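Chains as they are written, first to last, in numbering that gives the first Met the number 0: chain A, 0 to 304; chain B, 0 to 306.
Calculated directly from the structure, the hints in this document are not laboratory data. No experiment lies behind these values; they were computed from the predicted model shown. We put the beta carbon where it would ideally sit given N, CA and C, even for glycine. Treat the hints loosely; a few may be bogus.
Stated by the list, open to error - So the derived list for chain A, only partly shown, Cβ under 10 Å to chain B, looks like this: (1) T149; (2) I150; (3) L151; (4) I154; (5) V155; (6) I156; (7) I160; (8) I236; (9) G257; (10) I267; (11) L279; (12) L281; (13) T284; (14) I289.
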Amino acid sequence: MSERERVPDPLAPGAAEAEPVGGREGGLYADAWRQLRRRPIFVISGVLILILITMALFPSLFTRIDPRACNLADSLLRPSSEHWFGTDVQGCDYYARTIHGARVSISIGILVTVSSTFIAVVFGSIAGYYGGLVDTIIARITDVWFAIPTILGGIVILRSIFSERGLFQVSLVLIVLGWPTMLRLARSAVMSVKEMDYVDSARALGVRDFRIIRRHILPNAIAPVVVYATITVGVIISAEAALSFLGVGLQLPAISWGLMISVAQNRILTAPHLLLFPGLFLSVTVFSFILMGDALRDALDPRLR
Amino acid sequence: MGRYLIRRLLQFIPVFFGATLLIFVMVWAIPGDPIAALAGDRVLPDQVLDEIRDQYHLDDPLLVQYAKYMGDVFQGDFGEDFRGRPVWDLMAQRLPITIRLALLAFGFELVLGVIAGIVAGVRKGGFMDNLVLISTLVVIAIPIFVLGFLAQLLIGVQFGWFPVSGIQRGFMSYVLPAMVLGSVSLAYIARLTRTSIVENLRADYVRTATAKGLPRRRVVGIHTFRNSMIPVVTFLAIDLGALMGGAIITETIFNIPGIGRAVFEGVQRQEGTVVVGIVTFLVLIYMIANLLVDVLYAVLDPRIRYE
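Sequences and hints are given; from them, build the entire structure.
See below:
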């Protein structure tokens, strides 16, 4: 297979950390990759994710219409050859708006996942590797944060702290609420790998802790984290849309699928297309990431086969 | 059992106070003016500002503020809305409706989810297995508010089977919202049950049961089933958090005057005290439910107790 079909971008967080095992040693990852590219589920979700990322980076490849150039005379048109997805209340082209909505969802999904994975891997490794008091402190702090459900916590924080809510604020809140699950996962993975003989022998050879964690433990402990992170991208995108829908996430004039659905809810009988298109794009996006996570789990975790 | 209970309770206390302190700090103590944010775009007169500062003890040191706040909460004082009505009254009025909705959703997801999981799990790789795996994935992927509107449009309006708004028609009014609310968890429960069944069917005790000649119905229905339900019980506790977030969305879509709708209305009207009061209450319930399920978990599975 050609170079172009390498693992797509959303894996970047995990792939970057797993680098040491990349080409030279191969092993689990080379194996998994060989297996993955033959799986239709992986190929389908990979292609979908690539398209969505392209859409987020270069929306102009998909539409030349400015999503903010609106004509009130065209308000609430049904889908037609001129306006593929119809128009919204302000008479903006809905296809252009839907395409441009990808950017917010994808950026928040990836930004939040990369950041919370990073926090989780760093502190999870420290807690899992050193154990003892450090572990107790980190684990207890995690417990406290873990006790706050995402949507509920999101509403409180976004509602009370920020008067202006943009991509940055929403991402920050989702990172703050998202890392505990990931940390627990990373911590237990590191703890189980730590017991391996080769880790002992590395220590006996006088290898420094940091290097043991980075070169010997993480490559073998990262698989479940990568799987979970991929699914998390989808979950976060869904959470952002829910918060925006509830009116505590992004604010107009931002273009986001959650906001579009929120605006559409009062007109679902007269103009159902306003709901269907962003809803469809949102669902397909979340679906792709969850599907990808599922495929990765099958390949990276041989025990489940 | 006694020792486990005590240990679990001791662990619960710091988490409980830690999490409530976090929420408290985020709401009241972050630099910036929480009082101004409470009023949204409006500007409050000085007298009102002073009154609210006093009501929330904002002139005390942080920990004292928190202690007084928790003292109020334990006495059922969750603050007042802008018309001076205690948030607690609002909750007392709205809560039964949400509980009805949540119970129906719980029943729906548990019964259908477990059945689907067993059907899929007993024949791994079969047609039903793949059907369940794919359909649950689709349900998980569709955000709950999209699903809610779709159900409203299709089942409610096109087919007219169930009412789509309000609670005027008693039980029938709750059916559609409960199905939407429970759908995502249904999918998770089905997948969890399936994995669990598949794993347990491979266990030694199942082979023993089969070897001593028990009918398959009994091996799967009693032996495997009971052991496979343990992770599902744990999931139900975690699920409660998702259910409460989901209730906010579902009640908004289906116009059900429960506690979730009250949160949404609070957000819309920019009544911060209502939003924060109710959500704090929900988080408390969530944490207590998690504690209860942990205990239940130990009752169900003796292995946990002796760890």
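Here is what the structure says about each hint:
| no. | hint | result |
| --- | --- | --- |
| 1 | T149 | 7 Å, holds |
| 2 | I150 | 3 Å, holds |
| 3 | L151 | 5 Å, holds |
| 4 | I154 | 6 Å, holds |
| 5 | V155 | 5 Å, holds |
| 6 | I156 | 5 Å, holds |
| 7 | I160 | 5 Å, holds |
| 8 | I236 | 9 Å, holds |
| 9 | G257 | 8 Å, holds |
| 10 | I267 | 6 Å, holds |
| 11 | L279 | 8 Å, holds |
| 12 | L281 | 6 Å, holds |
| 13 | T284 | 9 Å, holds |
| 14 | I289 | 5 Å, holds |
Checked against the numbered hints given earlier, the structure satisfies every one of them.
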